[in-house]
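Q: Residues per chain, in single letters:
Number of protein chains: 2
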Amino acid sequence: MIDNKFVKLMKRPSGFPSKDTWSHDNEQVKAVKDGEILIKNLYVSLDPAMRGWLNETRSYIPPVKIGEVMRAGTIGEVIESKNSKFKKGDILSGWGGVQQYSISDGKGYFKVNPTQIPLQTYIGTLGMPGMTAYFGILEVGKIKEGDTVLVSAAAGAVGSIVGQIAKIKGCKVIGIAGGKEKCDYVIKELGFDGCIDYKNESVKRGIKRECPDGIDVYFDNVGGEILDSALVFLRMGARIVICGAISQYNEMSAKGPDNYLSLLVNRATMKGMVVFDYANKYPLATKEMTQWIIDGSLKSKEDIHDGIENFYEIFKKLFNGEKKGKLILKL
Amino acid sequence: MIDNKFVKLMKRPSGFPSKDTWSHDNEQVKAVKDGEILIKNLYVSLDPAMRGWLNETRSYIPPVKIGEVMRAGTIGEVIESKNSKFKKGDILSGWGGVQQYSISDGKGYFKVNPTQIPLQTYIGTLGMPGMTAYFGILEVGKIKEGDTVLVSAAAGAVGSIVGQIAKIKGCKVIGIAGGKEKCDYVIKELGFDGCIDYKNESVKRGIKRECPDGIDVYFDNVGGEILDSALVFLRMGARIVICGAISQYNEMSAKGPDNYLSLLVNRATMKGMVVFDYANKYPLATKEMTQWIIDGSLKSKEDIHDGIENFYEIFKKLFNGEKKGKLILKL
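Which chain is which? The protein sequence lines are S and D, in order.
Using this note's numbering, you'd call the opening residue of the first sequence number 23 and step up by one each time.
Using this note's numbering, you'd call the opening residue of the second sequence number 23 and step up by one each time.
All clues stand as given, with none of them false.
Which residues of chain D face chain S? A partial, calculated answer using Cβ under 10 Å: (1) GLY74; (2) TYR82; (3) ILE262; (4) ILE264; (5) CYS265; (6) ALA267; (7) GLN270; (8) GLY278; (9) ASP280; (10) LEU283; (11) LEU286; (12) ALA290; (13) MET292; (14) LYS293; (15) GLY294; (16) VAL296.
Derived by calculation from the structure, the hints in this document are not laboratory data.
For every residue, glycine included, the Cβ atom is placed at its ideal position computed from N, Cα and C.
Turn these sequences into a full structure, and let the hints guide you.
A: Here it is, written out as structure tokens:
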């Protein structure tokens with residue numbers, strides 16, 4: 023008999039989720055049926071997108087239901103298999119949720135190779151955030167060598183990879199991050215050409231200084247005033263990738279970009295993206311990014327915290343600016 | 023000696039231009055030099071874009087300078103030519119400005135054929151508004167047969183043509199216009215499938231009724247709340263063409279679309295356009311649209327008012343919802 027601890031959704035929050043949005047529970051793991059696998063989850067991915075999944079409103083995937091285990095990406099090990107595609111000991115990436123054990127028919131799970139790359143990297147740089155960065159900046163942002171690329175949340179899981187890929191592709195890359203420590207990290211460790219500290223200077227003034235000829239691509243993870251500031255400095259034919267809006271997720275009503283008519287003046291494009299649309303190309307991206315990690319041109323940083331019982335305290339770090347790199351819950 | 027009456031810009035307005043934004047003046051027409059032509063302007067195009075040209079801020083073309091003749095598209099007749107490309111009697115489309123006579127080296131002017139199509143149509147359906155509609159809906163909106171297309175300012179110079187082209191291409195077309203008379207015109211005369219009367223009903227409720235399966239393309243001439251409402255009903259991969267924002271031109275500060283995150287959820291694109299970018303393709307568009315006018319599938323409606331002395335009163339009709347079709351000043 024195995025006991026499974028899990029975190030389930032108790033109610034739909036308005037504004038920032040309070041602790042009682044979720045509750046902790048446990049139950050015995052059921053018997054594995056034909057075609058199923060039992061996975062022991064090792065790492066759980068914590069992402070800003072989780073906030074969106076709590077809302078009842080129509081979105082790019084269905085909301086998590088009340089009473090359901092909280093949705094999350096995971097890395098786990100198969101400990102029992104009645105599915106011919108998987109065997110005991112396989113390491114799988116998939117949607118195991120915030121729980122210690124998952125039973126699945128294997129749909130949405132794929133094997134990862136833990137010998138070349140650390141396990142936790144498969145839910146960071148080689149997981150959803152990495153795939154988002156890769157397809158967002160290459161296929162939606164359509165960067166070319168010599169472009170000036172501005173990235174918000176530049177020290178975060180997605181932004182840090184966006185900027186590094188843009189550097190690999192020969193762009194000038196400027197980040198936006200909160201605080202000197204994060205800005206130093208972005209420039210010195212990740213190799214960005216500059217970084218604007220939004221906590222200590224005007225973003226507009228910062229963009230003017232760092233991007234005197236304007237912006238070709240702005241990768242937006244935050245929305246709000248920062249998006250509005252970026253709009254002012256678009257170059258002709260600029261592309262804005264709308265990947266997220268972390269400043270807006272906990273607001274009761276979102277705030278639109280007042281300077282959107284810059285799109286007209288500059289014949290610019292603002293396009294939304296959801297990483298799942300590129301699922302059939304993940305293997306190619308994984309291959310290319312693995313190579314970059316091995317040759318040292320792409321650095322991966324994870325912020326790992328222990329214990330399912332600390333889920334809420336760790337989750338909060340997604341929004342309070344405390345995390346450094348990809349936020350991960352270790353089970 | 024010919025006396026030329028003209029309207030010149032006196033100051034930069036904030037908000038809606040007051041009458042003293044311009045002044046009326048006159049002077050004798052200068053002698054025509056080698057390479058130049060003298061044009062008697064017959065029709066002057068009045069367009070919402072003129073409001074933008076009064077602002078000092080960076081835009082897609084330089085602002086009109088203080089003291090300069092007010093910029094405007096015109097149709098005129100060559101009455102004297104010292105330029106081998108043009109001869110007396112030629113009818114030219116170009117940028118003559120709000121004045122009775124223009125002298126030019128011919129740059130930016132092109133000959134039109136007044137035998138098949140009424141003269142004034144060359145500054146409407148076959149002029150800037152028509153070209154804007156044509157390239158906006160086909161090249162930016164990328165409409166396909168079966169798409170649901172929503173068009174704001176549907177009774178206006180651009181919107182009326184956008185909708186008719188979309189009908190020709192096999193789309194379902196819904197307009198948004200102010201008042202029953204305009205909505206009736208849009209449906210009964212222009213052949214739209216439906217029209218939402220924003221003065222007498224909620225635009226959101228109207229879209230829900232007329233576009234129950236959502237919108238594939240929204241052609242935006244107005245901005246503000248209507249753009250925000252359209253965002254709520256986007257289908258996957260929808261395109262929003264940002265052509266103008268008549269609701270915003272006279273505001274001290276523009277209001278952004280709060281629902282822009284619908285772009286993310288629906289992988290949608292919002293792209294700005296300026297018609298001048300397509301100048302090298304105007305002849306092709308003119309040829310195709312001329313054929314549509316002749317075969318009756320594209321209707322052109324002009325709202326023509328006499329007298330340069332009435333410029334300001336006529337200009338106001340661009341913004342107060344009074345005009346019906348393309349607004350033109352006849353000299």
